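The primary structure of each chain is shown beneath.
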Amino acid sequence: MNDLDVLESQSIHIFREAFNRLDKIAMLWSIGKDSNVMLWLAKKAFLGHVPFPVIHVDTTHKIPEMIAFRDRVAREWDLPMIVGKNEAALAAGMGPGQGRVTCCSALKTEGLKQVLSEHGFTGVFAGIRRDEEGTRAKERVFSPRNEQAEWDVRDQPPEFWDQFKTDFAPGTHLRIHPLLAWTELDVWRYIRREGIPVVELYFAKDGRRYRSLGCAPCTGSIESTASTVDEIIAELATTKVSERSGRAQDKESEDAFERLRAGGYM
Amino acid sequence: MSQNPLSIVVVGHVDHGKSTLVGRVLHETGALPEGKVEYLREVCDKRGMPFEWAFVMDALQAERDQGITIDTSRIRFATAQRPYILIDAPGHKEFLKNMITGAASAEAAVLVIDADEGVREQSRRHGYLLHLLGLEQIAVAVNKMDLVGWSEDRFRAVKAEIEAYLAGIGVRPTHVVPVSARGGDNIAGPSANSPWYKGPSVLAALDGFEPLAQSEDLPLRLPVQDVYKFDHRRIVAGRIESGRLKVGDTLVFAQSGASAKVATIEDWAGANLTRVAAEAGRSVAFTLDDQIFVERGQIAHLGGEGPALSHEIRARVFWLGKAPLAEGARLKLKLATAEHQVEVVAVERVIDVAELASRRGGEVERNAVAELVFRSRTPVAFDPFSANPKVGRFVLVDGYDIVGGGVVAEGVQKLPKSDNIFAVDHKVTAATRAAANGHGGGVVWLTGLSGAGKSTIAMEVERRLFLKGWQVTVLDGDNVRHGLCSDLGFSPEDRAENIRRVGEVAHLFAQAGLLVVTAFISPYRADRDRVRAMGEGFHEVHVATGLDECERRDPKGLYRKARAGAIPEFTGVSAPYEAPVDPELVLDTAGRSVDQSVEELVAYIEKRFSLSARRRA
Ligand SMILES: Nc1nc2c(ncn2[C@@H]2O[C@H](COP(=O)(O)OP(=O)(O)O)[C@@H](O)[C@H]2O)c(=O)[nH]1
Ligand SMILES: [Mg+2]
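First to last, the sequence lines map onto chains A and B.
Just so we're aligned, residue 1 is where the first sequence starts under my numbering, counting upward by one.
Just so we're aligned, residue 267 is where the second sequence starts under my numbering, counting upward by one.
Derived from the structure by calculation, the hints contain no laboratory data.
Predicted model only: the values in this text are computed from it and were never measured.
There could be a bad hint or two in this list.
Stated by the list, open to error - According to the in silico footprint, chain A covers these stretches of chain B (three or more CB under 8 Å from chain A): (1) 332 to 343; (2) 426 to 439; (3) 482 to 495.
Stated by the list, open to error - Computed list of chain A residues with no C-beta within reach of chain B, every gap over 12 Å: (4) His13; (5) Ala26; (6) Ala42; (7) His61; (8) Ala68; (9) Pro157; (10) Ala181; (11) Gly220; (12) Val229.
We put the beta carbon where it would ideally sit given N, CA and C, even for glycine.
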């Protein structure tokens, strides 16, 4: 097996463990490339089925092309989709103007928590990867969250030999990370190998493209001429710019992202 | 770059410079993104401290504030030779669980030792644990050589000390490299500070490690992870831990010993290929040519060379629980996809990893290593760790927490291997017995709520058949719980074990030619299905009296007690009853006399088991 086969099998194993061990599971679908790879792997794990709902937390600030893509794929693949929105915060006018981290916590983290508690999910798949950022590099594949959906980064459970933490107290839940071991380059090579659909925004137009997709106000595009998957792979093989460099909310302070994640962000 | 990355863990005592070494290696190999070093310089300036390479990995605020690594992290880099995954591990004793989390997935290790401080407690403990985890390739970096003035004598002294310790556990380091992680000496190439050192740099030492041998050439081990029924087919899913699988192979499932051929290997059509074979490491899904009972936890193999089966196993364990472990402790043991309820029956040795001495018995403190004997309620299928690590290791769970891990040395009192269980042929065949008795043997399994009428019906059926000259007996719930199953309670696990034992006994009686009628609530479908799979002649009879009616009858006053909360896990009240989906017979007792139900069941049994009835048919 080559490296992509190894990663694929490992991710399938994770999906199947979660499906077997947990009662109520769902998958977060941010519509970015990682989410789509995750969805693809779920279909591989369950032989073409997606036997749980996909959750999209809508901040209403997403780039319009992303929502159009979401609706098209959901229709084509007949996905059971739950769209969550923190209506109260949106009604009160929440936006990046109130501070990027504040906005992220309110619309994404809080929005997610509302969906989780409303449906009583005990396990949610999230497509984060270790190579994205320092605190994610320390994550577990099965990562517990307490009643407030908080992450106790100072006391994570041991996790070895693919024996995951699947016992947990009522009221708490698990974040499950099937893509943790993948890198950005792996993701694109896999997209190429499998022909996985992704949003057009990733491909360069007029010398710019998105490398990471989030909300419109906080996600910048990068200078690039890569307009095909092959060209993106070639670009990534040599780039020294980090993937989340276009994400403004990470940079407000040294620990901005850690605090976001400890509070329940993905 | 489709080469598989090699995983390297960096271990050693706290503050000896592991994270610094990792940060430096990443820098030297160009793995850090643009601006990272400048950014960290700013962070250090703001904190009023000199530049710290360790901050590359120590990303948490608490780690930077305290200057120690709390949790393990992983990062990729590549040399000209191959890609790597570099795993930084904490050195503080308090975070040993995180060190193991990092080290358990590595194929090789770098043990970092401070040249000034020399070998310390965690240097030894980490060395010992690496060996226990099965890592055989270890390189040593003697760090902070700048602090000892690049003294060759000091280097030799530290080298001799660590080599002596590692020799004691049977490990020879591949290289011992003098370095200054902070200064970047001997990391990517030779340093002018150590003209006396002729060996490889750290990166060259890494390039010298061998990738672990693939387990494809070992016998097939395929632990069943799940059984799916998305459509009419039953699809078995699992990961091949060792060996190879192909369509047409006859699989034997430990622990049941049942076997069937692989009919198809399933894949999702999005991948548009038909797979006919798969190798170790691959997650597969397949169908069988025969509807045998398969469930999570069983290990599929090719027969002949199956895993061992034993109720007792001896293992070397690292204990991570907050409280010490002692004899008599009850834990959950997870091996591959199986879960077993186990008891620690002996603490044979507790190992002092510093002195490499051991004492007999006593308690096992947190972070200590010990040799234990576990007894399991259910037979454990495994291979010794030395023969096949993937199915020779396990984790221990207490409540919600993973509290330790271990590697199996051997089974104590091995059971015959699963593929040999049916090897003893009987000289008296089932047909001979049936001819003598006038009826075949079999199991008539009554299931239903407490108070449904199972025992009453069973006893009366037994009496009538006996009078007709039948070889017949009843196994009843209340009776077996006094003897055969007196050690079991009413938790789902205990109920499962209770039913398993009764099922085995019932099938043994049936093989001896008896008609066995059983009267057990047996609320779980999976438990009953397992009994069905144990042998032939199983007939499931649902005594389908409704909950309301049972509660109204309440012959033993149990429902009243259960409603008052005096009986926990009472079926129908505080524990589930899973009615049979497709039973051979349903006895609906509502509005009927006991006599009518008994007659219906006797008629059914005669039709199915009596030889004259069969001849007439
Ligand atoms: N003088 C000197 N100090 C070092 C060297 N390597 C690391 N250190 C320092 O030792 C301290 C502990 O390093 P760190 O990498 O956090 O140790 P760890 O606990 O093993 O990960 C830090 O202050 C480092 O700057 C070295 O080669 N020379
Ligand atoms: Mg460290």
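Here is how each hint holds up against the structure:
no. : hint       : result
1   : 332 to 343 : holds (count 7)
2   : 426 to 439 : violated (count 0)
3   : 482 to 495 : holds (count 3)
4   : His13      : 5 Å, violated
5   : Ala26      : 18 Å, holds
6   : Ala42      : 10 Å, violated
7   : His61      : 26 Å, holds
8   : Ala68      : 22 Å, holds
9   : Pro157     : 6 Å, violated
10  : Ala181     : 8 Å, violated
11  : Gly220     : 15 Å, holds
12  : Val229     : 16 Å, holds
The structure fails to meet hints 2, 4, 6, 9, 10 from the earlier list, while all remaining hints are met.
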